[in-house]
Amino acid sequence: MDEPLTLKESEVMRCISKGWTNLHIAQTMGVTVKCVENHINHSYDKLGVPVDTIYHRRILAILLWRGR
Numbered sequence: 001m002d003e004p005l006t007l008k009e010s011e012v013m014r015c016i017s018k019g020w021t022n023l024h025i026a027q028t029m030g031v032t033v034k035c036v037e038n039h040i041n042h043s044y045d046k047l048g049v050p051v052d053t054i055y056h057r058r059i060l061a062i063l064l065w066r067g068r
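Per the working numbering, residue 1 is the first one in the sequence shown, and the count goes up by one each step.
Don't take each hint at face value.
Below, in silico cross-link-like pairs of lysine-lysine (DSS-like), each with a Cα-Cα straight-line distance of 30 Å or less [as the list claims (entries may be wrong)]:
| id | residue 1 | residue 2 |
| --- | --- | --- |
| 1 | Lys46 | Lys8 |
| 2 | Lys18 | Lys46 |
| 3 | Lys18 | Lys8 |
| 4 | Lys46 | Lys34 |
| 5 | Lys18 | Lys34 |
| 6 | Lys34 | Lys8 |
Please keep in mind that the hints were generated in silico from the structure rather than gathered at the bench.
Hey, can you work out the whole structure from these sequences and the hints?
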């Protein structure tokens, strides 16, 4: 996908790349875990992370994000 990530989505990707849990990200950003999960799912869609993949989606998303 060619749609860029929002600032919040990019912030979540940076946190994921540091190995943070969704709860840690939510607490740091001052949002709910559900909000973090929404940012992650939107990022997956924008990065073109396949739904049914043999690879770990979280790691694949970071690799795609860093490659942008």
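Structure-based check of each hint:
{"no.": "1", "hint": "Lys46 x Lys8", "result": "holds (13 Å)"}
{"no.": "2", "hint": "Lys18 x Lys46", "result": "holds (20 Å)"}
{"no.": "3", "hint": "Lys18 x Lys8", "result": "holds (16 Å)"}
{"no.": "4", "hint": "Lys46 x Lys34", "result": "holds (18 Å)"}
{"no.": "5", "hint": "Lys18 x Lys34", "result": "holds (20 Å)"}
{"no.": "6", "hint": "Lys34 x Lys8", "result": "holds (14 Å)"}
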